[in-house]
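Participant: Sequence lines, in order, name chains B and C.
Taking the working numbering, I'd label the letters of the first sequence as residues 1 to 801.
Taking the working numbering, I'd label the letters of the second sequence as residues 1 to 161.
Keep in mind that the hints were calculated from the coordinates and are not lab data.
One or more of the hints may lead you astray.
Unchecked claim - On the chain B side, residues computed to face chain C include the following (Cβ under 10 Å):
no.	residue
1	Phe33
2	Arg131
3	Ala208
4	Ala449
5	Thr453
To be verified - Using 25 Å as the maximum straight-line C-alpha spacing, the simulated SDA-like pairs for lysine to any residue come out as follows:
no.	chain 1	residue 1	chain 2	residue 2
6	B	Lys23	C	Ala92
7	B	Lys139	C	Asp30
8	B	Lys139	C	Ala92
For every residue, glycine included, the Cβ atom is placed at its ideal position computed from N, Cα and C.
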Amino acid sequence: MPHSLEGSAKGPVSGERGGWVGKSVRKKDAHRFVTGAADYAADLIRPGTLYVSLLRSPHPHALIREIDIAQASRAPGVVAVMTGAGIRALTRSMPTRVPRERFPGPTDVWCLAVEEVIYVGQPMVAVVAERQADAEAAKSLIRIEYELLDPVLEAQAGAESISPTARREWSTNVVFQDKIRQGDVDAAMSGAHCVVSGSMRFGSGTSAPMECRCYVADWNARSGRLTLEGTMQQPHPTRWLLSQALDLPETSIRVVAPSMGGTFGLKMVGHPEEVIVSVLSRHLERPVAFLEGRDECFLANAREQLHEFQIGAQADGKIIAFRDFVRADVGAIGAGGGWLMAFVTPTVFPTVYDIPNVAVDSQVVTTNKPPWQGVRGYGKETANVVMERAVELISAELGMDPLEVRRRNLVPGSGFPHRLPSGLNVDSGDYEGALDQLGGLFESERWMARKATPNGGRGIGIGYAFELTPEGASFPGSMPSGFETSMVTLDPTGTVRVATSVTSPGSGNETGIAQLVADVFGLHPDRVTVTQGDTDITPFGGGNTSSRSLMFGGVASVLAARDLRDRIAICAATLLQADPGKMEFTRGKIAVSGEPDRSLAFEQAVATIYTQAYSTAKDVELPLQVTRTYRSGNVRHTPDEWGRISSYPSFPYAVHAAVVEVDTQTGCVSVLDYAAVHDCGVVVNPGLVEGQFKGAVAMGIGAALWEELLHDIDGSTRTTRLKSYVLPRSTDLPNFRIGHRCTPSPFNPLGVKGAGESGFGGAMAAIANAIADALGEQGRKLARIPCKPEVILDLLEGGQP
Amino acid sequence: MTEHFQITLNGKLVETDIDSRALLIEVVRDCGAKGAHIGCLTGDCGACSLEVDGRLAKSCLVLAVSAAGREVVTIEGSRDAIARELQSAFVACNGFQCGYCTSGMIMVAIALLRANPSPTEAEIRNAISGNLCRCTGYEDIVRAIASAADALRGRTFERNT
Chain B
1 MPHSLEGSAK GPVSGERGGW VGKSVRKKDA HRFVTGAADY AADLIRPGTL
51 YVSLLRSPHP HALIREIDIA QASRAPGVVA VMTGAGIRAL TRSMPTRVPR
101 ERFPGPTDVW CLAVEEVIYV GQPMVAVVAE RQADAEAAKS LIRIEYELLD
151 PVLEAQAGAE SISPTARREW STNVVFQDKI RQGDVDAAMS GAHCVVSGSM
201 RFGSGTSAPM ECRCYVADWN ARSGRLTLEG TMQQPHPTRW LLSQALDLPE
251 TSIRVVAPSM GGTFGLKMVG HPEEVIVSVL SRHLERPVAF LEGRDECFLA
301 NAREQLHEFQ IGAQADGKII AFRDFVRADV GAIGAGGGWL MAFVTPTVFP
351 TVYDIPNVAV DSQVVTTNKP PWQGVRGYGK ETANVVMERA VELISAELGM
401 DPLEVRRRNL VPGSGFPHRL PSGLNVDSGD YEGALDQLGG LFESERWMAR
451 KATPNGGRGI GIGYAFELTP EGASFPGSMP SGFETSMVTL DPTGTVRVAT
501 SVTSPGSGNE TGIAQLVADV FGLHPDRVTV TQGDTDITPF GGGNTSSRSL
551 MFGGVASVLA ARDLRDRIAI CAATLLQADP GKMEFTRGKI AVSGEPDRSL
601 AFEQAVATIY TQAYSTAKDV ELPLQVTRTY RSGNVRHTPD EWGRISSYPS
651 FPYAVHAAVV EVDTQTGCVS VLDYAAVHDC GVVVNPGLVE GQFKGAVAMG
701 IGAALWEELL HDIDGSTRTT RLKSYVLPRS TDLPNFRIGH RCTPSPFNPL
751 GVKGAGESGF GGAMAAIANA IADALGEQGR KLARIPCKPE VILDLLEGGQ
801 P
Chain C
1 MTEHFQITLN GKLVETDIDS RALLIEVVRD CGAKGAHIGC LTGDCGACSL
51 EVDGRLAKSC LVLAVSAAGR EVVTIEGSRD AIARELQSAF VACNGFQCGY
101 CTSGMIMVAI ALLRANPSPT EAEIRNAISG NLCRCTGYED IVRAIASAAD
151 ALRGRTFERN T
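Chain C with its partners taken away, still in its complex shape:
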């Protein structure tokens, strides 16, 4: 069965007919946001992490029809200062190898740094514990997020003084 479907995806209104069985990750990818990845479809790996109405979600656990009318942001639409700082820190710290988990990791890190600009290492490890990485052993991801947080705080400090 197909349904007419409408969301705002990375700032653009998208209208399409979708299979009513489809998951949000599948529809988002079909609409061109291929930066969100499918790793398990059971909510275990977090490669499909994105934002729905400003809240972090594992989009393989969301039926697309239930997200109708909402605002969805994937890695492609994440362009604020936090996202950019995280992206350069992931490059500088070797925070990825194959890159498959990276967009999900960065989406989680964006949500973390918005809520907590000065996370401890334990808080960072907790925040990304729902996301699996098979390449790095996490250390360089944790370092990347901490270093982005440092840089962002430094910038805030500069602005305030």
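Extracted from the complex, chain B is given alone in its bound form:
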């Protein structure tokens, strides 16, 4: 073989000529985004499209006795009014990911409620009209009689056997329980020099992308084919879902995802509206659009967890035991996989620390609140916050510098791969090196001096945090279970087309893929086009989740490109009268190694293959199109000797330092300074990766300080606008100083690890630690995130929020 299929981990880039990998190449099609020419889903709605508006349940739990749609059906502009009963005759239920072997169910989920509603905001009736305003106006004419049922609105009570259940037919609200064990925690705790306990309650949060969801379905009655365009980060899984819900073969469905205005997990598969517009379009034989309102976008819970933890250490600062109990309130069970975030949290402990005795118990409880939807962090962020608070508390108890305690307990650089108690196999890292590097980036002495200066009711706090963010989720039983596919094609003029299953939510992975493929052929990235988000054109895969785009989609593209390069090399070698193993692809030319004068243009070799298929190129396999899939070598679905599997292949990490100022009169927090060191292995495009990381830090600061979905006692979401769900604004954030390290993943052919989620959990933890530091002795009781002013004032008054 002239070229190895597996790049070496240490020098994955240098093997390829051209060297675009590692450069901050500008995002592909960037001009379209700054001139307003990029098409987002709502921009593609054609004249003649109908609009659907959804009447949603006002009750957390009720039986629907009667629905009167007569008046609404006659309202101006209304074309159709569809109830759950009507939908049931036209569709099947949506597939869910809840494990039947653990939760008895039933878990059939319908896109419109049938008989029973189980959260405030659940779609009940779809009104279709010529105009959006007509559809919305007609909703007020629908009359519904309910029989109210007892709701479950709190997880702890809901977990008890005497609790009413969130669905009438269920026997329990406990969806899932798990135990993770390593060593003997009880014995270690009783032998420890000191033991500290604490708790942490996380409020509900959501991703709140700037673009709300939008779906446009167009049923073509002549061809019997459905096209669904919209905000979907997982086009192939959505096609799979529609195939089942609509009882249509996959060949009759095309799912297209145009440019996306951010997602951060929200636009994963499983929203009822994906099915609603599709079935309505098929039923009415007209295109039907759903435009989500911002208030509806907030019907997406996540992260609501209570942790009760205990940590024990020896007198020298060595942590010997950690235990945690986590209970998650995942809201109602929908068709999406958001509740899986609660399953991920316990698997991350004890993050970057080498702790011999660990016990984590978890309980996932369903309630009558809106279902969880995916959000950046995906459950890993809460584990990191809890771990970092525990380390701070034990350091205070020991009377030691928390950075020194961290240093003594980090998994050493020589300790990889490192198996976590959950079975996850941490690929590589250099935690101590990152901590040293942070010391050069963050002016701790300046801030320590400022902290020591009295400042009239304003307390300075300095917080540090490590984060471990497992990436590349590959869960058994998921559709799909963690692989991505790319097809690379060489056209007659030598242009390169990549069609890949991974999608871009705006992160720029298409640019990274173009760089990777350009290097294989020695071409400029502009000669590589990357097509994503169209199930008719792109091969099968999961899409954009869990920072998988380059570590799966990028690798699949490179593998396919290398196969093609080998074919081109055969033809070039014939033309140059040389050994195919000696062909070098660089700067648009193919040359004999060490003899740059013996060369030809890349496109000449390609054209020869197309035109001389029976002579010069008769040994070259056609077509010039290769499809390759990448599956990670660091995912294990067969249980090990302790019965544990490993569903994440990649383990980027970071260490953060934050400085906050707490106004002790108002409880308001300002972030004064921020620095972090981030390691995601080999970086393909530093500018884009740093952009992702800074965005994640900003989001983590928001989640730590301001962002919280609040619910009234009747289960309705109170935070329905961006005025009440408070995102960070430009004046709320400092500039961030970011350092990078590179420990390539030995399990990935390109040495890359996931990038995109890292930064989020570490920022939450660093901010929480900084606030606790600012509050001194009172800060040790910090047990609530986000740290909104009332939480801080309660702490200062000595209360337990």
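Given the structure of chain B, go ahead and fit chain C onto it with the hints provided.
Facilitator: Just chain C, lined up with the frame of chain B:
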């Protein structure tokens, strides 16, 4: 109820019948200027920012009928030197990721640089504080606007010497 409606949109006279309930952002988008985006319809995010008679406006807070007869400019119609410099600076500085907030951000930045060719970082952050970005953490947006201001000043300096 529909009303006859007329505006100048990006330099072209547009006449159409509109729903009297419609917001300016909705009508502008229906007339083809899709570069202005809808993020909230409550005036919180600024993705719909555009110019009405030379003044910056969040067009989701404007009833379309109240803008009848006026001159509306969106990102598509912003082609002067300030706009072009900002557009290249947003590309060069990674001043966007998903791009959804970008046209609003650039419209605000155009208004800022017209009024204040040498803004400080704090002035830039204040100017865009009514516009939300969920991707970048703002730093690269601020850097893009500052770098466009630098480039424009350099150009003015060259012209004057």
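Participant: Run the structure past the numbered hints and jot down the numbers of the failing ones, going up.
Facilitator: Of the numbered hints given earlier, those the structure breaks are 4, 5, 8, listed in rising order.
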